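> Sequence order for the protein chains is A and B.
Under our numbering, the first residue of the first sequence carries the number 773, and numbering increases by one thereafter.
Under our numbering, the first residue of the second sequence carries the number 215, and numbering increases by one thereafter.
Rather than coming from a laboratory, the hints here were simulated on the basis of the structure.
On a predicted model such as this, the values are computed, not experimentally measured, just so you know.
All C-beta atoms in this analysis are idealised placements derived from N, C-alpha and C, irrespective of residue type, glycine included.
There's no promise every hint is true.
As the list claims (entries may be wrong) - Below 27 angstroms or equal to it, Euclidean Cα-Cα: the simulated DSS-like pairs (lysine-lysine) are:
id, chain 1, residue 1, chain 2, residue 2
1, B, Lys419, A, Lys845
2, A, Lys845, B, Lys330
3, A, Lys844, B, Lys254
4, A, Lys845, B, Lys302
5, A, Lys844, B, Lys419
6, A, Lys823, B, Lys254
7, B, Lys302, B, Lys331
8, A, Lys844, B, Lys271
9, B, Lys330, B, Lys254
10, B, Lys254, B, Lys331
11, B, Lys419, A, Lys823
12, B, Lys302, A, Lys844
13, A, Lys845, B, Lys254
14, A, Lys845, B, Lys331
15, B, Lys410, B, Lys331
16, B, Lys330, B, Lys302
17, B, Lys330, B, Lys271
18, B, Lys254, B, Lys302
19, B, Lys410, B, Lys330
20, B, Lys302, B, Lys271
21, B, Lys254, B, Lys271
To be verified - Ranges of calculated distance between the beta carbons of each label pair, as one might list FRET restraints:
id, chain 1, residue 1, chain 2, residue 2, range
22, B, Val285, A, Ser781, 42 to 50 angstroms
23, A, Leu824, B, Lys302, 51 to 59 angstroms
24, B, Gln253, A, Gln785, 44 to 52 angstroms
25, A, Asp795, B, Asp309, 30 to 38 angstroms
26, B, Asp309, A, Lys845, 28 to 36 angstroms
27, B, Thr305, A, Lys845, 18 to 26 angstroms
28, A, Glu816, B, Ala286, 33 to 41 angstroms
29, B, Ser426, A, Glu816, 16 to 24 angstroms
30, A, Ser788, B, Glu250, 26 to 34 angstroms
31, B, Ala246, A, Lys844, 45 to 53 angstroms
32, A, Gly793, B, Ala246, 29 to 37 angstroms
Now for the letters of each chain:
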Amino acid sequence: MSNVRDCASFQDQLPSLFESGEDLSTHPHLETCENCSALVRDLEYIAQQAKLLLPIHDPSPEVWENIQTALKKEPSRVK
Amino acid sequence: MSISSKDLATTPGPTAPAKAPNQHLRRNPPIAGEAEAIQKAQAGDGPSFEILYALHKRRVYSLCLRMLGNVAEAEDLTQEAFLQLYRKIATFRGDSAFSTWLHRLAVNVVLMHLRKKGLPQVSLEETLEPSQEDGPRKDIGARDLTLSGSVDRVTLERAIENLPPGYRLVFVLHDVEGYEHNEIAGMLECSIGNSKSQLHKARMKLRDLLRSGQRKEAVL
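Isolated chain A, as found in the complex (with noise of 0.2 angstroms):
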């Protein structure tokens, strides 16, 4: 059974144990921390799915009208 000291403790090196990729799930304090585990699981939870965010958003076409229109004010490299 864990307490409040443990979880804070274990909170507070939490950035540290990401970055390591360490298997936290065989952590001891997550064996008796019912609210860590889960804790850990949302967090690793939203790393993963950040991770299959693609891009999804297209500009208008005036960027590209607006690109071509400061192209023609550039030093001729264009043909």
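Knowing the structure of chain A, use the given hints to seat chain B on it.
Chain B in isolation, oriented as in the chain A frame:
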């Protein structure tokens, strides 16, 4: 803490963001016709530059939008990024994937813009220079909804939009775009530890946002 101009030159460095191999492939798959378009655009061929725009506009714009959270600014900076590309494409040597190189260029354009603005309104200063009591909030004894398996892409996108700008910047650079902490620290002129800390706070904040959204749905 401020972003200084010295590390924000708009020419990408030779170092591509270090990524796990599969992530690198996912983000930079070979694109048919790209190599030829690059070569021709470097020689000044306009239609080839347009091809490059068509191939990469979505990725550059999505990056700008996620970093800035504002459509008008994101479009302006997409335009600026491609103008920078036009001016600098002759310097692309193929040391990294073109998309990686362009991506870094776009990140630098956004960071330059943020610096000129004095950084985000809620401020990188707030989020990159936490006050003493601004350590990551602890989640102790709050057994509640868990997120696993329950967050769709749109919900996550919306939650990212609602992050404070400084958190959003580090989260997008690291978790979405795949930059390493040492690269982010270099870009933002903060310590690696600070970048890690901000990322953790951003994830914690996202968790709060996502859970509060779930609670609202549960009530409805």
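> Hint by hint, note whether the structure agrees.
Results for each hint:
no.	hint	verdict
1	Lys419/B / Lys845/A	violated, 45 angstroms
2	Lys845/A / Lys330/B	holds, 24 angstroms
3	Lys844/A / Lys254/B	holds, 18 angstroms
4	Lys845/A / Lys302/B	holds, 16 angstroms
5	Lys844/A / Lys419/B	violated, 45 angstroms
6	Lys823/A / Lys254/B	violated, 33 angstroms
7	Lys302/B / Lys331/B	holds, 24 angstroms
8	Lys844/A / Lys271/B	holds, 20 angstroms
9	Lys330/B / Lys254/B	violated, 34 angstroms
10	Lys254/B / Lys331/B	violated, 36 angstroms
11	Lys419/B / Lys823/A	holds, 17 angstroms
12	Lys302/B / Lys844/A	holds, 16 angstroms
13	Lys845/A / Lys254/B	holds, 20 angstroms
14	Lys845/A / Lys331/B	holds, 26 angstroms
15	Lys410/B / Lys331/B	holds, 25 angstroms
16	Lys330/B / Lys302/B	holds, 21 angstroms
17	Lys330/B / Lys271/B	holds, 24 angstroms
18	Lys254/B / Lys302/B	holds, 14 angstroms
19	Lys410/B / Lys330/B	holds, 25 angstroms
20	Lys302/B / Lys271/B	holds, 17 angstroms
21	Lys254/B / Lys271/B	holds, 18 angstroms
22	Val285/B / Ser781/A: 42 to 50 angstroms	holds, 43 angstroms
23	Leu824/A / Lys302/B: 51 to 59 angstroms	violated, 31 angstroms
24	Gln253/B / Gln785/A: 44 to 52 angstroms	holds, 50 angstroms
25	Asp795/A / Asp309/B: 30 to 38 angstroms	holds, 35 angstroms
26	Asp309/B / Lys845/A: 28 to 36 angstroms	holds, 31 angstroms
27	Thr305/B / Lys845/A: 18 to 26 angstroms	holds, 21 angstroms
28	Glu816/A / Ala286/B: 33 to 41 angstroms	holds, 35 angstroms
29	Ser426/B / Glu816/A: 16 to 24 angstroms	holds, 20 angstroms
30	Ser788/A / Glu250/B: 26 to 34 angstroms	violated, 46 angstroms
31	Ala246/B / Lys844/A: 45 to 53 angstroms	violated, 29 angstroms
32	Gly793/A / Ala246/B: 29 to 37 angstroms	holds, 35 angstroms
Violated hints, in rising order: 1, 5, 6, 9, 10, 23, 30, 31; the structure is consistent with all others.
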